[in-house]
Each structure stands twice: as C-alpha cells, then as structure tokens.
Amino acid sequence: MTTQLVLFWVMAPISVGSAIAMLLQRSAVYAALLLVVNFFTLGVFYLMLDAPFLFAVQIIVYAGAIMVLFLFVIMLLGVDRKESLIERLPAQRPLTVLFALLVAAEIFFAVRLGVGFSGTGSPSFAANGGGSTQALAKVLFKNYFFPFEVTSVLLIIAAIAAIVMAGRTARGEPSDPISEEQLELEAGGAPPELPPVEEPERVP
Amino acid sequence: MTPISYFLVLSGILFSIGTAGVLLRRNALVIFMSVELQLNAVNLSLVAFSKQHGNLTGQALAFFSMVVAAAEVVVGLAIIVSIFRRRRSANVDDANLLRW
Chain A
1 MTTQLVLFWV
11 MAPISVGSAI
21 AMLLQRSAVY
31 AALLLVVNFF
41 TLGVFYLMLD
51 APFLFAVQII
61 VYAGAIMVLF
71 LFVIMLLGVD
81 RKESLIERLP
91 AQRPLTVLFA
101 LLVAAEIFFA
111 VRLGVGFSGT
121 GSPSFAANGG
131 GSTQALAKVL
141 FKNYFFPFEV
151 TSVLLIIAAI
161 AAIVMAGRTA
171 RGEPSDPISE
181 EQLELEAGGA
191 PPELPPVEEP
201 ERVP
Chain B
205 MTPISYFLVL
215 SGILFSIGTA
225 GVLLRRNALV
235 IFMSVELQLN
245 AVNLSLVAFS
255 KQHGNLTGQA
265 LAFFSMVVAA
275 AEVVVGLAII
285 VSIFRRRRSA
295 NVDDANLLRW
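Chains A and B, in that order, are what the protein sequence lines are. When you line the first sequence up against the working numbering, it's residues 1 to 204, in that order. When you line the second sequence up against the working numbering, it's residues 205 to 304, in that order.
Because the hints were derived from the structure by calculation, they are not lab data. We put the CB at the ideal spot given by N, CA and C, even for glycine. Any given hint could turn out to be false.
[Stated by the list, open to error] Simulated restraints, written as ranges between beta carbons of each label pair:
hint, chain 1, residue 1, chain 2, residue 2, range
1, B, R292, A, Q134, 47 to 55 Å
2, B, S269, A, L24, 21 to 29 Å
3, B, V296, A, L5, 38 to 46 Å
[Unchecked claim] Here are some of the chain B residues that sit facing chain A, going by a computed Cβ distance under 7 Å:
hint, residue
4, L218
5, T223
6, M237
7, Q263
8, A266
The following block holds chain B by itself, in its conformation from the complex:
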C-alpha cells in the first residue's frame, strides 16, 4: 500500500505549481487552467484524507467541488469571451481600467 502522505505531498506540489501558474502567466485562459490545477490538487488531498480516515465524507466533498468547478469554468470562460470581445485580447494586463 502506498502511504497516504505521498499523495498529500504530491497534492501540495501540484498546488504550488498551480499557484506559480496563476502568478506567472499573462494569458487569462492559462491562468484559469492553473486555477483548475489547484482545485484538482485539493481534490486529491480530500480523497487521500478520506482514505486515511476510512470515511466517505472527503469523497463527497471532492464530488461537490467538481460540480462547483464545472459551474465556475462555465461562468469564467463566458467572462473571458466577453472581455475578449470588447478588448480583442486575452491578456490580463490589458484589462487595467480599475488600476490605480
């Protein structure tokens, strides 16, 4: 059997890669994909904790997280398409109307 902590460390590595992606990239779509990577890393840790405690609540929580992530992707991509129609750009640096 694989120790549970291996999955937790892997989940942490994936989460930090996703964090770096959110902070590094300028394309709004790739930033969104990095957010998805972070959500999936947290899902992996939820399932790992569910296995560790022998309790299915973690799996149920991961299931709800997937549903909410699907809704979030739909709305977020609609926002990106709407911004792209106005500004002809998917670069997050171009949307600087509220910047001081």
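One chain only, chain A, in its complex shape:
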C-alpha cells in the first residue's frame, strides 16, 4: 500500500526537477539528457498505473529512439553554440512564468474539483484477459484496428517526408540556395560574377 506512495514521492520530484532543469539549461545536449531522465520517470509512473506495455514502449521509443534522434540532430547542427538570451519582446519572460503558474494552478483546482484527492482507481484492472498487455492487445486489434493500420501509413508518410525534406543533397543537385548572409560572408573579395576571362576578349 504505502510502497507505491513512497515510490511516487521519490519519482515525482525527480520528474519535475529534471523538467525544470531542462527548461533552465542553456546547452541543448544537457537539455536532451535531462529530458531522457524525465521520460524514464514517466515510464515508472506508467508501471505504477498498471500499464507495463506502455512502460516498455516509453523506454524503447521515447528514451531510446526519439532522444537518440534529437541528440543526432543536435550534433549535426553543432553543439558549441549557446542560445542567445536577447528577448525581442521585453515582457515575454515574466508573462510566460505567470502564465505557466496560472495553467498549473488551474489544472490543480480542476483536478481537486473534478476527481478529488481520495480515489485510487479501480482495482480489478486487467480482469479481461491474461494480463494487462494481452488486454491492451485485444483493445488495439479489435476496437481500434483501423486506426492502428492507419498509423502505419502515417509512419511511412513521415519517413518519406523526412527524406524529401532533409536529404536533398544526396542526388547531386545544387546543394542549397545560398542565403544572403552566406553571400555577404563569402563576398569579402571579388564577387563570383566577374570572371577575369572576359577581359582578354575585349582587348583585341
């Protein structure tokens, strides 16, 4: 009975603390690693809520695949650049903190009014089937079979879209349209539109 409460009160500060640390961390790599910690604690919460399959999916898909993808892109874009702290709108930062506190308070009071702080859920959770994962499989493949198939189409579309958007240079096309900043950087000496080859043709 109380071991779950102890586990909750151990894991909840880790979860909230890693989320706040991710918010305040200037380096993107450390932010990604703190988010992995947060995903692990969420997996533990899934386990406490009788969802062992979602626990495994959370660890494999989120903490494994998605965060590795994030870290890969961070390394691709360069890890050494720090975020600039200049705000375009002067009142944005205090207003954001105020807004976030208001959202948290609103959810707190909504939970207190709507659910209450005493109910512990239904005890006979995995009654239909041999276990929670089997019961979830029955729900997925009977009630939600068509959405399940549609998600596979969605995954294929997402993969093709990522290849089309990010892999444009693989076929030997002109790599990228050079931006204006790059042109200004490269135009320290002579611009490339003035080749010296045309000069001898005009002289005779």
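Dock chain B against chain A, hints included.
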C-alpha cells in the same frame, strides 16, 4: 495505492513546464523538446484516467499518441535541419520572413 489525482496534478505541472519552455526558449530544438514534454504529460494523464475508470481505452489512446509523436518528431527535425541549412541558425527569431 497512490491516488489518481496525484498523477493528474503531476501531469499538469509537467504540462505547464513544457508550456513555459515553448514560450521561453529561442532554440528550435529545445522548443521541440518542450513540446515532447507536453505530449508526455498528456499521455500520463491519459494513463491515469484509464486506471481510474478501469478501461483500457486511455492506454490505447496514449499508444496512438506515442506513434503520432514519433512521426511528428521525424518531420519536425527534418524541417529544423532544412531551416538550419538555409539560415545557418536554429534560433526561431531568425526565421522572420513572414513577420509583419
């Protein structure tokens, strides 16, 4: 047993932290991570409600949400890489072509 509302309040706290991250940060990657945090907070509340009602529909919904989040991460990171190639910057303030 832990009361269900503890998980719901924790989910709300994580969601508001994610909201603050989306509004505060300027790096597009960190904004994206904050969106992931918001999605995970909502997943936690879905699983908690599933436990409260003794019904597995919430877990199935959280599962679909994870699949869609994976697809969304792939496409979003491709967009960020594409923008970075053009502008040499992952700062969201630099992508201001459509700003009035």
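Here is how each hint holds up against the structure:
A hinted range of 47 to 55 Å for the beta carbons of R292 of chain B and Q134 of chain A is consistent with their spacing of about 52 Å. The hinted range of 21 to 29 Å is satisfied by S269 of chain B and L24 of chain A, whose Cβ atoms lie roughly 27 Å apart. The hint said 38 to 46 Å for the Cβ distance between V296 of chain B and L5 of chain A, and at roughly 41 Å that hint holds. With 7 Å as the threshold, the beta carbon of L218 of chain B comes within range of chain A, its nearest partner Cβ sitting at about 6 Å, so the hint holds.
Using the Cβ-Cβ criterion of 7 Å, the hint placing T223 of chain B at the interface with chain A is satisfied: the shortest such distance is roughly 5 Å. For M237 of chain B, the suggested interface contact is upheld, since its CB lies about 5 Å from the closest CB of chain A, less than 7 Å. Evaluation of the Q263 of chain B hint against chain A yields a held restraint, the C-beta minimum of about 5 Å falling below 7 Å. Satisfaction of the interface hint for A266 of chain B is found here, the shortest Cβ-Cβ separation to chain A being roughly 6 Å, below the 7 Å cut-off.
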